[in-house]
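Chain by chain, the residues run as shown.
2 protein chains.
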Amino acid sequence: MKADVEHSDRPRPRTKRLPRSVRERQILDAAVDVFAAHGFHQASMDEISEVAGISKPMIYAYLGSKEELFVACIQREAARLLDAIRGAVDTGLRPDQQLWRGLRSFFEYTQQYRSSWAVLHRQANAQGEPFSIELAQWRSRTRDVIAMLLARATESAEQQMQPEQMQPFAAALVGAGESLVDWWLDNPDHTADGMAMRLMNMVWMGFGDLVEGRDWKPE
Amino acid sequence: MKADVEHSDRPRPRTKRLPRSVRERQILDAAVDVFAAHGFHQASMDEISEVAGISKPMIYAYLGSKEELFVACIQREAARLLDAIRGAVDTGLRPDQQLWRGLRSFFEYTQQYRSSWAVLHRQANAQGEPFSIELAQWRSRTRDVIAMLLARATESAEQQMQPEQMQPFAAALVGAGESLVDWWLDNPDHTADGMAMRLMNMVWMGFGDLVEGRDWKPE
Chain A
214 MKADVEHSDR PRPRTKRLPR SVRERQILDA AVDVFAAHGF HQASMDEISE
264 VAGISKPMIY AYLGSKEELF VACIQREAAR LLDAIRGAVD TGLRPDQQLW
314 RGLRSFFEYT QQYRSSWAVL HRQANAQGEP FSIELAQWRS RTRDVIAMLL
364 ARATESAEQQ MQPEQMQPFA AALVGAGESL VDWWLDNPDH TADGMAMRLM
414 NMVWMGFGDL VEGRDWKPE
Chain B
214 MKADVEHSDR PRPRTKRLPR SVRERQILDA AVDVFAAHGF HQASMDEISE
264 VAGISKPMIY AYLGSKEELF VACIQREAAR LLDAIRGAVD TGLRPDQQLW
314 RGLRSFFEYT QQYRSSWAVL HRQANAQGEP FSIELAQWRS RTRDVIAMLL
364 ARATESAEQQ MQPEQMQPFA AALVGAGESL VDWWLDNPDH TADGMAMRLM
414 NMVWMGFGDL VEGRDWKPE
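Read top to bottom, the protein sequences are chains A and B.
Mapping of the first sequence onto our numbering: residues 214 to 432, in sequence order.
Mapping of the second sequence onto our numbering: residues 214 to 432, in sequence order.
Not one of these hints is a red herring.
Restricting the straight-line Cα-Cα distance to at most 20 Å, the calculated cross-link-like pairs of lysine to any residue (SDA-like) are: (1) A:Lys-279 to A:Glu-260; (2) B:Lys-279 to B:Ala-339; (3) B:Lys-430 to A:Met-374; (4) A:Lys-279 to A:Glu-237; (5) A:Lys-430 to B:Gln-372; (6) B:Lys-430 to A:Glu-425; (7) A:Lys-430 to A:Asn-414; (8) A:Lys-269 to A:His-251; (9) A:Lys-430 to B:Glu-371; (10) A:Lys-279 to B:Glu-342; (11) A:Lys-430 to B:Gln-378; (12) B:Lys-430 to A:Glu-371; (13) A:Lys-269 to A:Arg-236; (14) B:Lys-279 to A:Gly-341; (15) B:Lys-279 to B:Ser-328; (16) B:Lys-279 to A:Glu-342; (17) A:Lys-430 to A:Ala-405; (18) B:Lys-269 to B:Arg-233; (19) A:Lys-279 to A:Pro-343; (20) B:Lys-279 to A:Ala-339; (21) A:Lys-430 to B:Met-374; (22) A:Lys-430 to B:Asp-422; (23) A:Lys-430 to A:Arg-317; (24) A:Lys-279 to A:Ser-345; (25) A:Lys-269 to A:Ser-234; (26) B:Lys-279 to B:Gln-255; (27) B:Lys-430 to A:Asp-422; (28) A:Lys-430 to B:Glu-425; (29) B:Lys-279 to B:Ser-262; (30) B:Lys-269 to B:Ala-243; (31) B:Lys-430 to A:Gln-372; (32) A:Lys-279 to B:Ala-339; (33) B:Lys-430 to A:Gln-378; (34) B:Lys-430 to B:Asp-309; (35) A:Lys-279 to B:Gly-341; (36) A:Lys-430 to A:Glu-321; (37) B:Lys-269 to B:Asp-242; (38) B:Lys-279 to B:Arg-236; (39) A:Lys-279 to A:Met-258.
Source of the hints: derived by calculation from the structure; they are not laboratory data.
Kindly generate the complete structure, drawing on both the sequences and the hints.
Quick look at the structure:
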């Protein structure tokens, strides 16, 4: 009791002065953890408020209802994942190295931010609309970025590809990546590098080379 | 009016004698169409009953509630798609031809049964649990079958693969296929063969061959 009183006598951290963007990040960080831990329905705004250290009225004022907060989580995680992939790809490298960096950053991201991925993917899928629509929009954006990256990677290649031509390949790659991470969550005894190597060998070398004993290795 | 009376005077088809399996198929066919046309929530048991030509009490008795009927639709469509793929793969062929037949049958199936696919995939995703769980189980089963088919296709190859080794590749392939069909629904100006060729080139040849101008063509 005394400690509490003493505590309240000390000058309080001036949390009110924090910029809105910082507050929103704190709320989203907390929300992602709580949604990932309990699932959308079981997650409570009380717990999110407690973990974030931000009052419920302020959460509602900044990011809206629980549904809107969940949508904001999906959007934030999606943007973060795309940034990670974009940041990892160095256009000065050979096409195979560009693809390798992109794939590796994807699996490293999903390993590092497992909770985020759970929110982004499994929880959103489990809840259906409107979150599944948000997820579908995220897939479209990701597909566009991957198509652009794939096209750019072939700029110096024998057979240069246009982003429109790469759209179906990008769609297939996004689906393959999502599905592979899902498999990985149930089979966690593999490293991010090992997972990236599997996808790299499948889509860079192809089964045709693999069954003849030729595989791809990073330099 | 007269026609109706005349109609009712004729001996009625002895629908009661139809075996249960036939009735269930009629109900499922109608349910898939109605769910695909209106979505799960808007679909009514009245319309399913009308389209199937089977009374509502009998539908409830055979296949349960609307939720259970939707689950039964997912299960039936999933089994049908897997049968189509299994049936198309001839183990006497070369590995590339086996993969090609499997991929082609997948895209031909999704073209022929667009409504079924919508129920199996888009509707189930949009609704979330419990249907998304059913869909996840279907993905696991499909992955196991594809892993087995991929392993079997490499039996005579330089580098023979075991089904367990092929699990992550199969997971990636299932995700790629699903995602590509989703893209195709929004870009319908492509043939089933064209779609299968894209996926075949991506996973058999790989981008490495493609950027050097080597692609795969059926014989």
